[in-house]
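Visitor: Sequence:
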Amino acid sequence: MKKAVWLTFDLSVTGDYEGMYTWLANHEAIECGDNVGFIQYDSSGDLINELKNDIRENVDITKKTRVYVIYRDDDQKVKGSFLFGKRQQAPWTGYGSVPEGEAVDEL
Numbered sequence: 001m002k003k004a005v006w007l008t009f010d011l012s013v014t015g016d017y018e019g020m021y022t023w024l025a026n027h028e029a030i031e032c033g034d035n036v037g038f039i040q041y042d043s044s045g046d047l048i049n050e051l052k053n054d055i056r057e058n059v060d061i062t063k064k065t066r067v068y069v070i071y072r073d074d075d076q077k078v079k080g081s082f083l084f085g086k087r088q089q090a091p092w093t094g095y096g097s098v099p100e101g102e103a104v105d106e107l
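The opening position of the sequence shown corresponds to residue 1 in full-length UniProt numbering, with each subsequent residue numbered one higher.
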């Protein structure tokens, strides 16, 4: 079943951009801004594990690689999670007047 997926990626300066770009091109990704692509991913089961394995087979993943996926689950909730890497301090930290809380990656 095809699922709508947005991928954001930060591969660092020396990351495997050629591998990522080839993977995105092969999945007919639509460009959505710097390092953001939209694809219709054909998944037969666990979307997150399938994406993770597919990307790992085609892109050289390092400890600096960060790939985040946004998708709708089977209950139609919008979710997001890191396939590789983890959350870092946001560049806008300290600019707002609202106290920071825990991040919610589910709507």
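Since the hints were derived computationally from the structure, they do not count as laboratory data. None of these values were measured; they are calculated from a predicted model. Each hint should be verified, as a subset may be incorrect.
[To be verified] No farther apart than 20 Å at their CA atoms in a straight line, the calculated lysine to any residue pairs in the SDA-like style are these:
| # | residue 1 | residue 2 |
| --- | --- | --- |
| 1 | K63 | S97 |
| 2 | K3 | D60 |
| 3 | K77 | A90 |
| 4 | K64 | D54 |
| 5 | K86 | Y17 |
| 6 | K63 | V13 |
| 7 | K63 | L83 |
| 8 | K86 | S43 |
| 9 | K79 | D60 |
| 10 | K63 | I39 |
| 11 | K79 | V13 |
| 12 | K79 | N58 |
| 13 | K52 | Q40 |
| 14 | K3 | L83 |
| 15 | K64 | A4 |
| 16 | K63 | D42 |
| 17 | K63 | E18 |
| 18 | K79 | K63 |
| 19 | K52 | K64 |
| 20 | K79 | C32 |
| 21 | K64 | D10 |
| 22 | K52 | L83 |
| 23 | K2 | G80 |
| 24 | K2 | K86 |
| 25 | K52 | S81 |
| 26 | K77 | N35 |
| 27 | K3 | R72 |
| 28 | K2 | K63 |
| 29 | K77 | L24 |
| 30 | K79 | Y17 |
| 31 | K3 | G45 |
| 32 | K64 | K2 |
| 33 | K77 | T22 |
| 34 | K52 | A90 |
| 35 | K64 | L83 |
| 36 | K79 | F38 |
| 37 | K2 | I39 |
Visitor: Go through the numbered hints given earlier and state which of them the structure violates, listing their numbers in rising order.
Guide: When the structure is compared with the hints, numbers 1, 2, 3, 8, 9, 10, 11, 12, 15, 16, 18, 24, 26, 28, 29, 30, 32, 33, 34 turn out to be violated.
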